[in-house]
Amino acid sequence: MDNKRKYVIPGDVITTGPFRPEQNVILEGEKIISTTIGISEIYDDTVRVITLTGKYIPKIDDLVIGKVNSHTSLSWELDINSCYVGFLPAQDVFGRDFSAHADELSTKLKTGDLVAARIANFDRTRDPLVTISDRDLGAIDSGDLVKISPSKVPRLIGKRGSMIQMIEMATNAVVTIGQNGWVVVSCETSEGLLKAKKAIEMVDQKAHVANLTDQIKEMLEIKDDET
Amino acid sequence: MGGRDAKMVLLDENGVRCDGRKIDETRRIMIRAGGLKNADGSAYIEFGDNKILVGVFGPRDVHPKHMSNTDTGILRVRYHMEPFSVGDRKNPAPSRREIEISKVIKEALEPAVMLEKFPRTAVDVFIEVLQADGGTRCAALTAASVALADAGIPMRDMVAAVASGKVADTIILDVNNEEDQAGQADMPIGYMPSLDKITLLQLDGVLTPEEYKKCVDVGVKGCKVVYELQKKALKDKYFGSGGN
Numbered sequence: 516m517d518n519k520r521k522y523v524i525p526g527d528v529i530t531t532g533p534f535r536p537e538q539n540v541i542l543e544g545e546k547i548i549s550t551t552i553g554i555s556e557i558y559d560d561t562v563r564v565i566t567l568t569g570k571y572i573p574k575i576d577d578l579v580i581g582k583v584n585s586h587t588s589l590s591w592e593l594d595i596n597s598c599y600v601g602f603l604p605a606q607d608v609f610g611r612d613f614s615a616h617a618d619e620l621s622t623k624l625k626t627g628d629l630v631a632a633r634i635a636n637f638d639r640t641r642d643p644l645v646t647i648s649d650r651d652l653g654a655i656d657s658g659d660l661v662k663i664s665p666s667k668v669p670r671l672i673g674k675r676g677s678m679i680q681m682i683e684m685a686t687n688a689v690v691t692i693g694q695n696g697w698v699v700v701s702c703e704t705s706e707g708l709l710k711a712k713k714a715i716e717m718v719d720q721k722a723h724v725a726n727l728t729d730q731i732k733e734m735l736e737i738k739d740d741e742t
Numbered sequence: 002m003g004g005r006d007a008k009m010v011l012l013d014e015n016g017v018r019c020d021g022r023k024i025d026e027t028r029r030i031m032i033r034a035g036g037l038k039n040a041d042g043s044a045y046i047e048f049g050d051n052k053i054l055v056g057v058f059g060p061r062d063v064h065p066k067h068m069s070n071t072d073t074g075i076l077r078v079r080y081h082m083e084p085f086s087v088g089d090r091k092n093p094a095p096s097r098r099e100i101e102i103s104k105v106i107k108e109a110l111e112p113a114v115m116l117e118k119f120p121r122t123a124v125d126v127f128i129e130v131l132q133a134d135g136g137t138r139c140a141a142l143t144a145a146s147v148a149l150a151d152a153g154i155p156m157r158d159m160v161a162a163v164a165s166g167k168v169a170d171t172i173i174l175d176v177n178n179e180e181d182q183a184g185q186a187d188m189p190i191g192y193m194p195s196l197d198k199i200t201l202l203q204l205d206g207v208l209t210p211e212e213y214k215k216c217v218d219v220g221v222k223g224c225k226v227v228y229e230l231q232k233k234a235l236k237d238k239y240f241g242s243g244g245n
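Taken in sequence, the protein lines are chains A and V.
The opening position of the first sequence corresponds to residue 516 in my numbering, with each subsequent residue numbered one higher.
The opening position of the second sequence corresponds to residue 2 in my numbering, with each subsequent residue numbered one higher.
Since the hints were made in silico from the structure, they are not lab data.
Owing to the predicted nature of the structure, the values given are computational and were not obtained by experimental measurement.
Take the hints with a grain of salt, since some may be wrong.
Claimed, not checked - Residues of chain V placed beyond 12 Å of chain A at every Cβ, according to the derived structure:
no.	residue
1	16
2	29
3	81
4	117
5	155
6	158
7	196
8	231
9	239
What the hints assert, rightly or not - Mimicking DMTMM-like on lysine to aspartate or glutamate, the simulated pairs with C-alpha atoms at most 20 Å apart in a straight line are:
no.	chain 1	residue 1	chain 2	residue 2
10	V	104	V	170
11	V	91	V	62
12	V	52	V	134
13	V	118	A	683
14	A	674	A	638
15	A	662	A	556
16	V	52	V	170
17	V	118	A	719
18	A	521	V	170
19	V	52	V	211
20	A	625	A	656
21	V	236	A	719
22	V	66	V	50
23	V	91	V	125
24	V	198	A	545
25	A	546	V	197
26	A	574	V	129
27	V	38	A	656
28	V	118	A	656
29	A	574	V	72
30	V	118	A	543
31	V	236	A	556
32	V	66	A	716
33	A	574	V	62
34	V	214	V	170
35	A	721	A	703
36	V	66	A	543
37	V	238	A	618
38	V	66	A	642
39	A	721	V	237
40	V	38	A	716
For each residue, glycine too, the CB sits at the ideal point set by N, CA and C.
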């Protein structure tokens with residue numbers, strides 16, 4: 516499989532022939548062309564490029580971390596690190612008997628608060644609708660926010676969560692990863708917090724390196740010996 | 002324009018130009034991707050004595066709102082020359098020429114950028130010419146395309162650009178300032194190498210149909226040289242020197 520992975524930039528021809536174009540590629544006649552900077556992958560009959568740069572584009576069911584920008588009497592506006600703002604309707608928080616007269620939105624979420632939310636609906640005609648009515652969602656009251664590039668989120672999670680599990684195990688931190696590149700780290704000890712933040716920043720900087728898992732492991736373990 | 006008399010020897014009998022280049026040789030080109038922390042994507046180019054910095058923002062909200070398009074994103078380009086970029090101080094206010102070049106570069110980038118993926122947003126490209134020496138629009142277009150790729154805006158292809166022209170009745174590649182002032186024709190070409198499509202073609206001067214064809218061919222060849230350097234700049238930034 517390794518020989519099928521290639522570094523590509525926009526306009527690079529990945530392959531020609533009967534393949535199905537998936538993420539970040541276009542079919543131009545016979546040629547399959549990359550539309551972004553990244554690593555191309557050919558799986559069975561599909562071709563895709565894992566991008567290394569770019570903004571977050573909302574997808575339905577994505578978990579994101581949002582920051583409350585402002586609110587009207589009916590909804591909050593969340594900054595979700597995207598070109599679109601996330602809309603969180605007040606019914607979602609107050610329930611169906613929400614009344615714009617009786618309930619004041621700022622009692623639940625204030626400007627600047629961090630929220631773990633899920634994209635409930637999004638299409639090209641309107642701004643993404645987010646929800647916090649689910650388990651593990653809602654206002655985040657503790658932890659540090661780390662901002663990484665949204666394109667590197669899959670790398671931070673790793674194959675079946677291997678990378679993030681390793682970081683969590685080694686530092687005893689709880690890490691909430693938003694698909695939009697915002698990550699909240701909370702930990703009882705300050706060393707663990709610092710170490711986890713450093714590991715996350717390292718993933719962001721070295722996402723393209725092949726043996727990154729080993730490097731992170733090494734970094735975390737070296738620190739363990741010192742302390 | 003056309004056949005202005007040249008006092009300077011633009012092309013000697015050995016086929017060497019006023020700055021020592023051969024007729025099909027570009028000036029020294031250096032492109033660097035990235036460099037600006039606050040922009041979403043950026044690039045710096047040195048194209049002979051031209052020095053140009055490009056910053057890209059977006060996709061982001063459109064202000065004023067009425068400019069936004071519900072079907073597609075919009076591209077906005079500002080080409081600006083610094084007051085110190087030329088010999089005499091240039092008034093920093095946008096001139097007729099700068100407004101035109103902004104429009105021309107925008108239209109040369111539009112076929113490459115896939116804005117339909119981001120309806121109701123804008124992508125802003127800011128081009129600052131720090132030092133000018135002929136052929137800034139081509140150098141700016143080349144750098145803008147690298148900066149857009151650096152910003153992660155989906156693109157069908159890169160756009161590489163270089164000017165070809167006619168000096169002393171000979172078709173030459175990469176027209177410099179002297180050749181532009183005293184030469185017979187100047188033809189900036191923007192080209193998408195993988196798709197084999199031309200996105201910018203202007204002509205200032207007079208050419209016969211044969212010369213015109215040759216001029217385009219020479220320009221397209223030059224664009225392929227520039228494209229390799231764009232590729233190298235992006236691969237250096239993203240994959241280190243180990244990129245394949």
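How the hints compare with the structure:
no. : hint          : in the structure
1   : 16            : holds, 33 Å
2   : 29            : holds, 22 Å
3   : 81            : holds, 24 Å
4   : 117           : violated, 9 Å
5   : 155           : violated, 4 Å
6   : 158           : violated, 4 Å
7   : 196           : violated, 6 Å
8   : 231           : violated, 8 Å
9   : 239           : violated, 5 Å
10  : V:104 x V:170 : violated, 31 Å
11  : V:91 x V:62   : violated, 32 Å
12  : V:52 x V:134  : holds, 9 Å
13  : V:118 x A:683 : violated, 36 Å
14  : A:674 x A:638 : violated, 28 Å
15  : A:662 x A:556 : violated, 27 Å
16  : V:52 x V:170  : violated, 29 Å
17  : V:118 x A:719 : violated, 25 Å
18  : A:521 x V:170 : violated, 45 Å
19  : V:52 x V:211  : violated, 34 Å
20  : A:625 x A:656 : holds, 12 Å
21  : V:236 x A:719 : holds, 17 Å
22  : V:66 x V:50   : violated, 39 Å
23  : V:91 x V:125  : violated, 24 Å
24  : V:198 x A:545 : holds, 16 Å
25  : A:546 x V:197 : holds, 13 Å
26  : A:574 x V:129 : violated, 35 Å
27  : V:38 x A:656  : violated, 30 Å
28  : V:118 x A:656 : violated, 35 Å
29  : A:574 x V:72  : holds, 18 Å
30  : V:118 x A:543 : holds, 17 Å
31  : V:236 x A:556 : holds, 17 Å
32  : V:66 x A:716  : violated, 36 Å
33  : A:574 x V:62  : holds, 18 Å
34  : V:214 x V:170 : holds, 15 Å
35  : A:721 x A:703 : violated, 27 Å
36  : V:66 x A:543  : violated, 34 Å
37  : V:238 x A:618 : violated, 51 Å
38  : V:66 x A:642  : holds, 14 Å
39  : A:721 x V:237 : holds, 14 Å
40  : V:38 x A:716  : holds, 16 Å
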